[in-house]
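Undergrad: Listed here are the chains, written in short residue letters.
Number of protein chains: 2
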Amino acid sequence: MQYELYYWPSIPGRGEFVRLALVEAAAPFVDVARAGEGMSRMMRLLDGEKVERPPFAPPFLRAGTLLIGQTANILLFLGGRHRLAPANEAGRLWTHQLQLTLADLLVEAHDTHHPIAANLYYEDQKREARRRSAGFLDARLPKYLGYFERVLERNPQGDRHLVGARLTYADLSLFQTVAGLNYAFPRAMARAGKRHKRVMALHDRVADRPRIAAYLASERRLAFNEQGIFRHYPELDI
Amino acid sequence: MQYELYYWPSIPGRGEFVRLALVEAAAPFVDVARAGEGMSRMMRLLDGEKVERPPFAPPFLRAGTLLIGQTANILLFLGGRHRLAPANEAGRLWTHQLQLTLADLLVEAHDTHHPIAANLYYEDQKREARRRSAGFLDARLPKYLGYFERVLERNPQGDRHLVGARLTYADLSLFQTVAGLNYAFPRAMARAGKRHKRVMALHDRVADRPRIAAYLASERRLAFNEQGIFRHYPELDI
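Residue numbers (numbering that gives the first Met the number 0), protein chains in the order written: chain A, 0 to 237; chain G, 0 to 237.
To be clear, the hints were calculated from the coordinates, so they are not data collected in a lab.
One thing to keep in mind: the hints can contain errors.
Heads up, the list lumps identical chains together, so a pair's fine if it works in one copy or across two of them.
Think about it this way: if two alpha-carbon atoms lie no more than 16 Å apart in a straight line, the pair counts; the simulated EDC-like pairs of lysine to aspartate or glutamate are [what the hints assert, rightly or not]:
#1 196 / 152
#2 142 / 107
#3 49 / 148
#4 142 / 158
With the hints as extra help, turn the sequences into a complete structure.
TA: Rendered as structure tokens:
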């Protein structure tokens, strides 16, 4: 079976968390909205009047007859199908819990440049963005990074993975989150990296996995940019 | 088995979504932080150095040997245990997808009064809160309410439930979300109610369920207040 991934074609965004899981699982998928008439197919699933279980927003994944929305929910599904999460209930819930915490961080990272409204330009909320970013870099970023550092440190199976002794989708998502933060806030992350070496080492190890490395070097990997969730505005960095 | 729920004792917040599921399931639970030395027990699980799988923040639930964090994750677990979600994979994922969409709405509702930083006072971001609220009430609230209205309308088993023909935790959470929005934005919601009658009817039906009605009338139900996620600041309403 070939999966169909639906996501905005010009940004890595939330779609990238799903892509990384599909790539690592070597699961065949089409990135629908990035080719041909794909965008209109995506919009019909979002706005069409006959979709029985419509997604609220991209990304969503078609898997046979299933249409699954919400990034963490898609990963919950893929984790079970492709051994990207433990099979037992405790491990499955713990992996999902970490993913949901990364999802919270993602919203906060986005809101650093859009604290007032997602549908206004950055330029219309630049002053507020500076205040929000300062608080994010001062209080929230260290809290989140410290948390994941602690999770790695306390993993009884070793600090190479967030959960147990094998890679899970939470590791892939932590990689992508660190990559995005490195792009958006290079100065703050250079400093934070020194205090969160396990998190940074995990990022580097994921980037070196054969399938992920090949994918990152390919044209399929979309670059971070200033339309996405992680944006590099030097004035928002420390 | 008795569950242990850990959440801040003075606000309904995210803990309330878990409480409603436990109440509807008639599952015995202790609200740990609301009695005796409970707060320090909660803080030890959050900050203690020996917790192998620490939660990032409340709420979290102890269920036997499991310690489960993240509201939507807790509900995923309880949904399976207490028939508050379909047993089949498609229905289980769909229910969780709706819950995660409600979680997104919850963050946006919170950020109407705290657009700059959660650790600053409302008074220090009042001007920004007005701008953010205006955008929320103008664009985001109708989008979310319209979405859930559509989900109810398209449910092939009828518009009394979000999923299938039985109550799920997503219905309970939609009830709580509407209750919070009614408290925070009574004028905007009075207007929105006219266009989203199925959502409002679901809210009323959930409130009338015997166990929920008894709970809402009891002292266990915490009132919305200006320390919580949903706050009533008249200047932020339409």
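Undergrad: Next, verify each hint and record whether it holds.
TA: Now for the hints, and whether the structure bears them out:
1. 196 / 152: within (10 Å within a copy, 50 Å between copies)
2. 142 / 107: within (12 Å within a copy, 21 Å between copies)
3. 49 / 148: between (46 Å within a copy, 14 Å between copies)
4. 142 / 158: neither (19 Å within a copy, 42 Å between copies)
Checked against the numbered hints given earlier, this structure breaks only hint 4.
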